[in-house]
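> Sequence:
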Amino acid sequence: MIRQQRRKWLGSLLLLITALIVSSTPFQVLASLPDELRLFQGSLARWQISMPVMGTLTNSNPDILHVNGTEARQVNVDLSKPLSFEPRRTGETQLQLKWGSIPLKAVKVNVLPDIRVIPGGQSIGVKLQTAGVLVVGHHLVDTGKAKLSPGEKAGIHVGDMIVKINDLYINDMDDVKKIVNEAGSKHQSLDMLVVRGKEKVNLTLTPAKDAKDNEYRLGLYIRDSAAGVGTLTFYEPRSGAYGALGHVISDVDTGQPIVVGDGQIVQASVTSIEKGESGNPGEKFARFFNESHILGSITRNTPFGIFGKIKEQPQQHSHQEPIPVALAEEVREGPAKILTVVDGQQVEEFDIEIVNVVKQHFPATKGMIIKITDKRLLEKTGGIVQGMSGSPIIQSGKLVGAVTHVFVNDPTSGYGCFIEWMLQDAGIPLQKSKLKAG
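In terms of the numbering used here, the sequence shown opens at residue -14 and continues consecutively.
Everything labelled a hint here was simulated from the structure, so no lab data went into it.
The structure displayed is predicted, hence computed values, not measured ones.
From the three backbone atoms N, C-alpha and C, an ideal C-beta is built for every residue, glycine too.
Some hints could be false.
[Said to hold, decoys possible] Below 20 Å or equal to it, Euclidean Cα-Cα: the simulated EDC-like pairs (lysine to aspartate or glutamate) are:
#1 K162 / E200
#2 K66 / D48
#3 K365 / E262
#4 K112 / D247
#5 K171 / E200
#6 K322 / E297
#7 K260 / E364
#8 K360 / D336
#9 K194 / D127
#10 K112 / D159
#11 K365 / D328
#12 K90 / E21
#13 K365 / E333
#14 K93 / E314
#15 K132 / D198
#16 K162 / E184
#17 K183 / D236
#18 K351 / E314
#19 K356 / E268
#20 K360 / E259
#21 K260 / D328
#22 K162 / D127
#23 K112 / D157
#24 K138 / E200
#25 K93 / D48
#26 K149 / D127
#27 K194 / D160
#28 K351 / E318
#29 K344 / E315
[To be verified] Here are the simulated distance ranges between beta carbons:
#30 H278 / Q79: 49 to 59 Å
#31 N61 / T358: 46 to 56 Å
#32 S170 / E297: 43 to 53 Å
#33 L18 / L153: 56 to 66 Å
#34 K171 / D127: 16 to 26 Å
#35 G85 / S35: 15 to 25 Å
#36 E318 / N394: 13 to 23 Å
#37 P98 / K163: 46 to 56 Å
#38 R317 / N394: 19 to 29 Å
I would like the entire structure built from these sequences, with the hints used as guidance.
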């Protein structure tokens, strides 16, 4: 009986000691350390574990990472003092931390190439040519005998993109008009290839003759281009790759993302600002400046903005030299800056607060919630306004993201996306990844 009570007492004591150890600050720190650590080449990382014990740390590839200033494969470490990690070259290594023979933590370290970009903030004019012609509506053709929409009858939907007619690629409404009139005069039907979402559909359409003007019609409202104003987020001076806007460009009528056939960005100049207020987001009014002078191409339109190549450096720099970029996990709640234009072409710096950071392991547009705190910007704009999307967000000297959306009921606040996802869509991936924006 006494032996059983002693065993029971020892068991309870062991459980209590284990609970105290596990709940202690050092073990909580260990538990909070990531299973995977990403570092830029040339940077320096430190861990503060504060355990009053000696341990060993095994480094599977010391050529990639030095621990506490040494390139040894196994390092004796005093866990009461900070551990330092110095990335030497790109690649992966495995770290295994032990206390005696007891494993404490295993971490995979991925060393990434040092990426630096020039932050933007300049207002840009955006001119997009669609990859085909976009169907934005149906209309009835009065033939004198009946009113009908040949396009609707053929099964063409609003939001469809017509990319081919009779095996000819189409991206201009004038081309469509010529083909339709020629086929109509010969009483021929048209074979059309339509892109509907991710699906390709072959349809046959017979043009109808409008009795009023003797022109042949499809009974469709179509669009082949779009234009607007936004903000340049960054460009990479060596490759010329850039990113802007921070969100997808969608057709105003259909709400569908525009598939880029061709496009250009040009300089823009802010002429006035409609101040935002609750329930009514404000807007930058701008004009294209020196429209014939093309700054760069547009090759992609994704959930994270528009991307292409800069042909020459935009004017009105706020930063002449490239700055580091931040990984998504480096972004912290707290003070930050945005770069944007509120008058003419002058890029200015304004104070904001990053009030919430969303942990993201996959590309998603709403990575952080930001709040404008700069009194001068609030007085001028009321907060975030249309045309400000793409304004770069800088924290601790690093480019961390871009402004994307405003809260309709609170124009002082809105969303931002992580710069990591924009870099990926610009063709500057931080690492080989299976993740895709969508």
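> Now look at each hint and say whether the structure bears it out.
Each hint tested on the structure:
Taking the CA atoms of K162 and E200, the gap is near 9 Å; set against the 20 Å cutoff, the hint holds. At most 20 Å may separate the alpha-carbon atoms for a hinted pair to count; K66 and D48 exceed this at roughly 24 Å. This hinted pair checks out: K365 and E262 have alpha carbons roughly 12 Å apart, not beyond 20 Å. The hinted pair formed by K112 and D247 meets the criterion: a straight-line CA distance of about 9 Å does not exceed 20 Å.
Between K171 and E200 the CA atoms are separated by roughly 13 Å; this keeps the pair inside 20 Å, and the hint holds. Proximity of K322 to E297 is assessed by CA-CA distance (about 25 Å); at most 20 Å being required, the pair is judged violated. Under the criterion of a C-alpha separation no larger than 20 Å, the hint pairing K260 with E364 is consistent with the structure, at around 8 Å. Between K360 and D336, the direct Cα distance comes to roughly 9 Å. Compliance with the 20 Å bound is thereby established for this hinted pair.
The hinted pair formed by K194 and D127 meets the criterion: a straight-line CA distance of about 8 Å does not exceed 20 Å. A C-alpha spacing of about 18 Å is found between K112 and D159, which places the hinted pair at or below 20 Å, so the restraint holds. Distance check on the hinted pair: K365 and D328 sit about 10 Å apart at the alpha-carbon level, within 20 Å; holds. For a cut-off of 20 Å, the pair hint linking K90 to E21 stands: about 11 Å separates their Cα positions.
Restraint check: the Cα-Cα separation between K365 and E333 comes to about 13 Å, which is no more than 20 Å; the hinted pair holds. Proximity of K93 to E314 is assessed by CA-CA distance (about 15 Å); at most 20 Å being required, the pair is judged to hold. Between K132 and D198 the CA atoms are separated by roughly 15 Å; this keeps the pair inside 20 Å, and the hint holds. Our distance criterion of 20 Å between C-alpha atoms is broken by K162 and E184, whose separation comes to about 25 Å.
Between K183 and D236 the alpha-carbon distance is near 17 Å, which keeps this suggested pair within the 20 Å criterion. The suggested pairing of K351 with E314 holds, with an alpha-carbon distance near 14 Å, which does not exceed 20 Å. Straight-line distance between C-alpha atoms of K356 and E268 comes to about 17 Å, which keeps the hinted pair within the 20 Å bound. At most 20 Å may separate the alpha-carbon atoms for a hinted pair to count; K360 and E259 meet this at roughly 17 Å.
In summary, the hint linking K260 to D328 is supported, as the alpha carbons are separated by about 13 Å, within the 20 Å threshold. The hinted pair formed by K162 and D127 meets the criterion: a straight-line CA distance of about 17 Å does not exceed 20 Å. Taking the CA atoms of K112 and D157, the gap is about 14 Å. The hint holds against a cut of 20 Å. Distance hint between K138 and E200 is fulfilled; the C-alpha atoms sit about 19 Å from each other, no more than 20 Å.
Of the pairs offered as hints, the one joining K93 and D48 holds, with about 15 Å between alpha carbons and a cut-off of 20 Å not exceeded. About 26 Å separates the Cα atoms of K149 and D127, which puts this hinted pair outside 20 Å; it is violated. A hinted pair counts as satisfied when its Cα atoms are at most 20 Å apart, and K194 with D160 qualifies at roughly 18 Å. Straight-line distance between C-alpha atoms of K351 and E318 comes to about 15 Å, which keeps the hinted pair within the 20 Å bound.
Restraint check for K344 and E315: the C-alpha separation of about 10 Å stays at or below 20 Å, so the hint holds. The supplied range of 49 to 59 Å is met by H278 and Q79, whose beta-carbon atoms lie about 52 Å from each other. Range check, N61 to T358: about 47 Å between beta-carbon atoms, so the 46 to 56 Å window is met. One distance hint, 43 to 53 Å for the beta-carbon pair S170 and E297, holds here, with the actual separation near 47 Å.
Between L18 and L153 the C-beta distance comes to about 60 Å, which sits within the given range of 56 to 66 Å. Separation of K171 from D127 is about 22 Å and conforms to the stated range, judged on CB atoms against 16 to 26 Å. The given range of 15 to 25 Å is respected by G85 and S35, whose C-beta atoms sit roughly 18 Å from each other. Between E318 and N394 the CB atoms are about 22 Å apart, so this pair conforms to the stated range of 13 to 23 Å.
Between P98 and K163 the Cβ separation comes to about 50 Å, which falls inside the hinted range of 46 to 56 Å. R317 and N394 have their C-beta atoms about 26 Å apart, which keeps the hinted 19 to 29 Å range intact.
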